[in-house]
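Chains as they are written, first to last, in numbering that gives the first Met the number 0: chain H, 0 to 436; chain X, 0 to 308.
Derived by calculation from the structure, the hints in this document are not laboratory data.
Over 12 Å on every C-beta distance to chain H, these chain X residues come out as not near it, computed from the model:
#  : residue
1  : T49
2  : V94
3  : L95
4  : G98
5  : L106
6  : L107
7  : L117
8  : G213
9  : I239
10 : K303
Computed footprint of chain H on chain X, listed as stretches where at least three residues anywhere in the stretch have a Cβ under 8 Å from a Cβ of chain H:
#  : region
11 : 164 to 172
12 : 244 to 257
By construction, the Cβ of each residue, glycine as well, lies at the ideal position given by its N, Cα and C atoms.
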Amino acid sequence: MKTSHRMAGAALAVLTTAALTSCGSGSGAGSGPAADGSVTLKFLVDNSMGTTATAKALTDAFMRANPQIKIETETRPGGSEGDNIVKTRLSTGDMSDVFWYNSGSLLQALNPAQTMVDLTGDPVLAGVQQDYLPVVSQDGKAYGVPAGTLTGGGILYNRKIYERLKLKVPKTWAEFMANNDTIKAAGITPVIGTFKDSWTSQLFVLGDFFNVQAAVPAFARDYTANKVKFAGTPAAQAGFEHLAEVHAKGYLNEGFGSATNDQGVKMLAEGKGAHYAMLSSALPPVIATLPQAATDVGFFGIPGPDASRNGATVWEPAAVYIAKTSENVAAAKKFLAFIASPPAAEAVTAAVPPTGPYRIKGAELPEDAIQAAKDLQAYVDEGATAPALEFVSPVKGPSLEQITVAVGSGLTPPAEGAAQYDKDVEKQAKQLGLAGW
Amino acid sequence: MTRQHVGPRTGPGPVPGPGRASRRRRDAAYPYALYLPAAVVFGVIFLVPTAMAFYFALTRWTLFDSTFVGLDNFRDFLAEQNLSIGFGNTLFYAVLTSGLKVVLGLLLGVLLTSRLRLRGFLRSVVFFPTLVSTVAVGITFSMLLKPDTGLVNEALAVVGVDGRDWLGDASTALLSVALVDVWKGVGLATVIYIAGIMSIPTEYYQAVAVDGGGAWHRFRHITLPLSWPATYSVIILSFIGGLRSFDLIWTMTRGGPGFTSDTIASIIYKQYQAGFFGLSTAGNVLLFLIVTVIAVPLNHFLGKRQVAV
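Modelling step: build the complete structure from the supplied sequences, incorporating the hints.
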């Protein structure tokens, strides 16, 4: 009697466990087509102003052309917090039908072969520029289409201040520091630091990659293979040194430790600060409230040691991908094909001023593009650009932003910061299981 | 008619009762089946994940798949360059917040058990911050502590003090967060002290009055020693809370500037964010062990003193 009582209990426990665990596998993707042939796609994007505005322009234009397909957009945080949401949702089969995510090294960590629909050779990719495809590919298979435009990562500067103080766009780091001196003497903050949003502190290092590549052409490959390091490669360590130098000379604004990215862009557009190491994509979202950001703010690449080898580091646009768990792949492909077409580029241009050239065949930068985008276009036309390191190497340490804050606040000497970053990178490479680490 | 024992009792010792099996059933207040739902919930939500955590701490885990790597994660976690800063900060934070909560909680407790007008109102005021969500507190104080526009610095400017960049400056960031934590947590400590002080029998105070002791004697020789159980609860609660402190630090400084206000929990969280799931799980297992190693002896030691009083 007693035994059977226990057996029943154990059986019940097993059953309940099974029931509890099986209800965890609900699907986040939209359901299949409804009776009248209409389809609802779910679209996950990050919550930055630029992305949400671009996503809205894309979905509105697409739904006007395809009334039977409805797209519901949902947002997620950006940065590494967002990376985790995307990873978690992909691995639990809970991803939306289509989603917006970085191209380059971050894509590699998503295991696209298992989680995304392979678009290689699909007509969806017909409108995409060939040289964009490597950043959305893994093992020769392409998974996404470019959403948005090329972005420049370097120095955004206030042209009004340059005009008034009769300064020239610097071609070398020494010229840049000389400009800062003049600006400081005029009572204006030379360089804006916004370390509350710690990611903004990385630009002096990441945006310097054009110069790294100019000095050490094989850096990306050797770095991935664990043959060169930031510390001990003078060209690579220069980014950390620049950061420390700007702080040591007292060029940063007061309260740089708790200023935010939005405040920094505002200071720059209003002429309270002259330089801001930033991505050109920071500008379009603020043009509605600060129209002068379109005209008064220009862009130049972070200058290196040599004026004859001057160029800019660029970030490839993020991409839109289809989750393998989607039940509406046909509709999703239709949406992606639209994104990679000139009409989509026009729709986006109307809503969000482009930050640089498009990666879509036949899509042109408009005449009234913002000044920073035109400046970037000039670099592209000259062929004086290099993609940021994260697009040519899967190795990127997660703590760079904390390290650059510490170096940029004078808490850590630059050489030590570079060495710390090398260790951070090693940890990431080991976790990715890369060869040679 | 009542049943009676058959035969005489022959000595001390247990009353000869019914057989073993039924006695055991009497020890368990309910049939086992009634424990089952709770056991299943506990098992699925707590036991299974805990056991899995101990396994995944030994793997390189990408959420998509995992490779067994032995103790590598523990080695890498302990080699983490900012771990010593994190340890130091965690201890500093736990000691500072629990110490201040004990002192302020006791003082407020004494104040709010005295005969005071508006006592009920003041008690609510002191307890109120405990009810606000930690994240909301963090965001609010980040605004208040801004260097140029924050209320704190504007108030300081009125009295002629030049405030600083409280959260953006490496030397004040962690301290500022700890003080906000005390502001938020002191209400709970006060309530525990109020309960402790109110449970002290009034005869003791009368005895002090008869012996001619003043207010200081009442506090030093009656309130302070006899509210030990309350002190014990406050220390345990706030010390463990301080060791696991994360939410306030994350909303206010994210461990920054640089790594200067990192605690163990924020280091683990950042590793999790970076996608190092195995590594961060290893960190959590270590944190679990550390909290246990500190909290169990502390509990034992403080519990002993409680018995002694």
